[in-house]
Each structure stands twice: as structure tokens, then as C-alpha cells.
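Sequences listed follow chains H and W, in order.
Position one of the first sequence corresponds to residue 1 (this note's numbering), numbered consecutively onward.
Position one of the second sequence corresponds to residue 1001 (this note's numbering), numbered consecutively onward.
In case anyone wonders, no lab produced these hints; they're calculated from the structure.
Here a beta-carbon is modelled for each residue, glycine too, at the ideal position from N, C-alpha and C.
Accuracy of the hints is not assured; some may be wrong.
What the hints assert, rightly or not - Quick list of simulated restraints, FRET-style, between CB atoms:
(1) H/R142 with W/R1305: 49 to 55 Å
(2) H/F71 with W/A1163: 43 to 49 Å
(3) H/G108 with W/D1036: 36 to 42 Å
(4) H/K123 with W/I1014: 38 to 44 Å
(5) W/S1221 with H/P110: 24 to 30 Å
As the list claims (entries may be wrong) - To be clear about the criterion: a stretch of chain H counts as covered by chain W if any three or more of its residues have a C-beta under 8 Å from a C-beta of chain W, and this derived list gives those stretches:
(6) 82-93
(7) 150-158
(8) 219-232
(9) 236-249
(10) 278-290
(11) 299-309
(12) 328-337
There are 2 protein chains.
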Amino acid sequence: MPVTCPLPALSTDIITLGHGSGGLLTHRLLETGVFDILRNDWLDQQHDGASLELNGRVAFSTDSYVIDPLFFPGGDIGELAVNGTVNDLAMCGAAARYLSLSFIIEEGLPVADLRRIISSIHKAAGLAQVHIVTGDTKVVERGKGDKIFINTSGIGSIHPQAAIHHNRIAAGDVLILSGNIAAHGTAIMSIRKGLEFETSIRSDTAPLGAMVIRLLDRWGSRLKFLRDPTRGGLASVLNEIAGLTRLGFQIAEERIPVEEEVEAACEMLGLDPLYVANEGLFLAVVQQEAAEGFLESLRGEEQGRHAAIIGEVTSEYGGKVILKSRIGGRRVVGFLIGEQLPRIC
Amino acid sequence: MPVTCPLPALSTDIITLGHGSGGLLTHRLLETGVFDILRNDWLDQQHDGASLELNGRVAFSTDSYVIDPLFFPGGDIGELAVNGTVNDLAMCGAAARYLSLSFIIEEGLPVADLRRIISSIHKAAGLAQVHIVTGDTKVVERGKGDKIFINTSGIGSIHPQAAIHHNRIAAGDVLILSGNIAAHGTAIMSIRKGLEFETSIRSDTAPLGAMVIRLLDRWGSRLKFLRDPTRGGLASVLNEIAGLTRLGFQIAEERIPVEEEVEAACEMLGLDPLYVANEGLFLAVVQQEAAEGFLESLRGEEQGRHAAIIGEVTSEYGGKVILKSRIGGRRVVGFLIGEQLPRIC
């Protein structure tokens, strides 16, 4: 039977299963204004997708964010969901232009938390100069999700001079990190249940797109490869590239920039900073002749002021990552075994 | 301390938290071959995003799929995740070209289930002629998710003659359904725990893109609006459009195509077919003069053989949906109140 009875009064405090029904409550969730801050011509159309004008080479990327806790020192899941995908596009040499936004909400999430997250998303999108043009909301029963998961997918315009591909990496290329490692993962771990301790460490979550585009303006194809060391940290990213290229990646422990407080916290937590996630950092593989100039450009950027050359690509040690330790020894740095930091992004 | 001990043997039967770490296990999950069937040049690059060449008007859409159960008569979550987003693009008048694919897996999912889902995704993508070019896998702890959630986002090329926008809808336009309603939701409900009953009803999940493109080739801008009545069913979609246009939408109960077995099952389950989700169906708003011809084209398609004119747009009843019942009465069909069918897509 069709339901034509008078509308029941709805709680606007808590997300319920009905908010994901595609019926009135979803509509009403819209009408509570929780999405209002995101409004633009694309979203106002309330259609199944957004219509965009695109020409030339674009990058396309996706990530689901399941970080726990939702709010952490230096950011929250909303900011992370924007910056993470913006940065994935930046790693393709692209300036992010459009994002999709999809929520999977667990029944019982306070609407105030959703509002706070959406406000963060809006702010981060503004900062990264990216438009949120299409979206989706699903609600699952209590105990079938965890507060909120967010997927963002992004489309970006690839810089005309960008030629970023692992098959361009060659022996002699230089490895440059854009800043200090391990802040994000350490900040999260420091507030996880049972591990809380006093610290001022904040996640490094930040959009990298604008800086990458300026570097491409100046250095073009001499920048051969980019990757942001998120889950699994620097060590995992280096191992992935080593695996793809079958070249050796040699890094020097003393050259890897890490804040003192982060290093101390990692020691306390039993974490190796090389494996800890970052959210506002990239590893660049740069042509040898351009390396010093590239580093200088990078250090001229606010986000790149701690940048450092950390090593080089070599034809020895094919497929392996070799660390020269502070005391002069050499050892293989492997992939992360198991899970050091679950739900870190 | 870095982990350089010999690699432990891994179970390949069950997804563990480590599979989502971004470290070895994720890498190993790749290496188990579970993703092999999806391999192509884009995914083989294993980069943070895919590089694509696009020119002109494109549609961009996203959806997260949380359907329960994962496998159901007529399909599974993998097939649904491809078709659903392909269809959202089709509703924008676009032929799907590229999809992203993101998994949120609950620890403990049998790898065999993941393999079956990925195989379904591959088959559905082939059928819809869309390429899966970028992806992501996250794993959450047991009890913090529900087996698997899938997000797909899609990019499609908009047909040059497409002019699909709710602001083009006018009084006198004709409402055409491409087929029978309510099969998907009824199929899911018929196998939900505690509700199992003997039936041969199957989900109607199917890609609509190719048919829509052929209709646009022939009818161009005389096709004014398209929407697929998924969550919330036909009634909700009509209410949304009525709300956006402030026009009246009048439909005749006797004209709405529904299979007899589905109608009987809905009666048994206490469901109104008007509110039940569909996954291979669209509602078209067509210029009056073109309506009969459009219907004929539609009926010439295998997927459109049950198509029917179900009503018209009117300047009366602004913002409302009016149903002319079989016995001649008229009543307002409202939005769905609450949740008739949670986790239906």
C-alpha cells in the first residue's frame, strides 16, 4: 500500500537507516541542511551524475577512507578524504579539478559529527581548489559499519610537461623526499584507545597539488616519478617501485628527515618511522643533473622546507631497497610484514 | 625496527587486516592473483591513478554498494556495482568509458567470495564495455564492516545530442518506463533471512548504456530527462522530479508494467511495487510528439520489450505525484516514509 499518511517528525540528531533509503528521509537529510555548505550548480541538479567539460590528458583516482578515530590531531576523515585523493592525482602530475564524494554511514552517527566532517570536506576542497560535483549516501545497520567511511574519486588535468611513469626511472636518478616522515601515523597512534600519551604531534595531511604543478612548470619531465608514502610508509613505496623497475633503491638513514618528537614517539610505540603513514609528503625520483635544482625549488616552498635528497637509484641490488645505516652498515629494507597500523587512512 | 625476517607463510583463504596495510600483504593479495582477471595496462602501472585522454562533455558519477546479501538471484554485489554506475552515467546520456573500483572488506571475508565478486565485476565491465582503470582496497576489523562494500565511480562520454536536464521538463511531456518494475527489490527480499520463500524472481540488474545511446542517436533532445528508479523505487524518483520541477506527475496504475509473480510476491511481503528498487530500468520524460515513436524504438530493444507509457507531466498538482487507480480514483503518491528495504543496493 502506498504511504500517504502525514509525515512523522524526524530526529535530526542521529542518522537512522531511513536516511539511506533513497526515499523521504534521504531527501529530508538533504533538507536538514547538513549538505548545504557543499552546494553548487552540479549538486543542485540532484542528478545521477555531473556533466563536465574536459579536454586532454586527465588523471582518475579513487580511495576509500576508513580511518579510526574520525577526528585526530591535525585533521579528520573529511579533510583526509579530500587531500588523499587530491594527492593521488598530484602523484600523476595532475591538478585536481573534480571530486565525487560517497558516504557509508553506520546507523547512530550523530548528525553533528556528519556536519563537522562535511564542513571539513568543504574547507579542504576550497584549499585544494577542487569542486565536489557528485555524491552518494548509504546507511548500514549498527554494527555493520564503523561510524562513517568515505570514498572520494577524483579527476585532474595532467600537466602538459608531466611524464611520470615508473618505466622512466633509471640508475643514477636521485630520490628526494618533500618533507619529514611519519607524522600522520604517529599522530593517529598517539590517540588510539589504550595508547594515549602526551604529544603535540599532528598529522601532516595537506594537499600537494599546487606545489607539484609549480615543480612541473619548472622541471617538467626531469621529474620522472612521484609517489606519496601513505599506508605502509616510505619503505613500502620504495619496495613497490623497486619491484616494478627491478632496479635498486639505496637510501641513507641519516638523510631521511624526521622530526625529533616523532622519532621519539615511534620509539615509544615500537614503530619504525620508515613504515609509518604520511599524508602530506611525496617521494620524487629526479634526473641526476636536475636533482640539486629541484631540491632548491622544493625548499623554496612552505610545504617543502624540510625536503632532502635521501638516496639514489642503482643498477646493483635489483628489485631491492638498501638502507645505509647511521653507523655505516648496509641492510635490505623489506616490505612491511602484517599490519603495523590498521585503519590509518 | 625494520622487519627483515623471512616472510611468513600466508593464508590465502581468508582476508586479514594485513591485506589492507599497504605493505606486503596488500602486495601479496595482488600476487595471489585475485585481481589478475582485471589486469590491463592502466592497473598494471600500479600507480595512484590512471592517465586517460578525454575530450568534450563527460559525465562523472559515484555510488557505494552495501547490498545484503552479496549474492542474490540474478546477480551479485560485483555485477551491481558495475551496472549501477554505468546506469547512472547512462541517465546523464553518457556511454560509460572508465570505472574506478574501491573495496572496503571486513576481516574474515573468504578469498573465494572476493574472487567470485571480482570475476563478476570483470564480466559486467566487459558487457558494458567499460574499463576498470584504478582501484583501492581497505580492510576493517571484524564487526566494523559487513563482508564487503564496493564503491565504483565512473566517467562517460555524453552523447553529442543529449540535453538531459530537469529544467527542460514541461507540461504535456510523456512518462515512459523502459520495463517491468520492482524485480530487484523483490528478489532481494525473497531471500533475506527469515523471509525466504519459493520464487523464481530475479534481480533485473543490467547495463542500460548501449540502449540509451541508441535512443539518443534516434531521438536526441526530444528525450528530455532520464532517471533510474533504484532505492525508493519509481514513486520516490517521480517525487524527486516533481519537487525539482514544481510540475505535476500523473501516472495510471493500470499502465505500470509489473510481472505477475513480482506483484504477488510484493503483496505477500507487504511491499508496494511503486517503492521497490529496480536495477535495470529507467524512467524517461519525452516530448509529447515523439512519445509514440520513442516507445516503439524502446520496444524494439531486448531490454525495452516491456516498455510502456505510464503517464504525463501536467501543470496541475504542482510538485505532486498523482496516481489514477485501477478503479478510477486519484490519490497523491508520497515519498517513501522510513525504510522499506534497507541495504537494497
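TODO: Could you tell me whether the CB distance from H/G108 to W/D1036 stays inside 36 to 42 Å?
DONE: Taking Cβ atoms as reference, H/G108 and W/D1036 lie about 39 Å apart, which means the hint holds.
Open item on the list: Using a Cβ cutoff of 8 Å, are there at least 3 residues of the segment 82-93 of chain H near chain W, or does the coverage claim fail?
Closed with: holds (count 5)
Open item on the list: Taking beta carbons only, do three or more residues of the segment 219-232 of chain H come closer than 8 Å to chain W?
Closed with: holds (count 5)
Task: Check of the segment 236-249 of chain H against chain W for coverage (Cβ-Cβ below 8 Å, three residues minimum) - done: holds (count 5)
TODO: Confirm or reject the claim that W/S1221 and H/P110 have a C-beta distance inside 24 to 30 Å.
DONE: Taking Cβ atoms as reference, W/S1221 and H/P110 lie about 45 Å apart, which means the hint is violated.
Open item on the list: Taking 49 to 55 Å as the stated bounds, is the beta-carbon spacing between H/R142 and W/R1305 within them?
Closed with: violated, 43 Å
Open item on the list: I want to verify a distance hint. Is the separation of the beta carbons of H/F71 and W/A1163 within 43 to 49 Å?
Closed with: Given about 44 Å between the Cβ atoms, the range holds.
Task: Given coverage of the segment 328-337 of chain H by chain W, checked by CB-CB distance under 8 Å (3 or more) - done: holds (count 7)
Open item on the list: Cut-off 8 Å, C-beta pairs, minimum 3 residues; does the coverage of the segment 278-290 of chain H by chain W stand?
Closed with: violated (count 0)
- [ ] Please count how many residues of the segment 150-158 of chain H have a CB within 8 Å of a CB from chain W and say whether that reaches 3.
- [x] Check passed, 6 qualifying residues.
Task: chain W over the segment 299-309 of chain H, status - at least 3 residues with CB closer than 8 Å - done: Per the Cβ count (0), the hint is violated.
- [ ] Determine whether the Cβ-Cβ distance between H/K123 and W/I1014 falls within the hinted range of 38 to 44 Å.
- [x] The hinted range 38 to 44 Å holds for H/K123 and W/I1014, with Cβ atoms some 40 Å apart.
In terms of the numbered hints stated before, the structure departs from hints 1, 5, 10 and 11, listed from lowest to highest.
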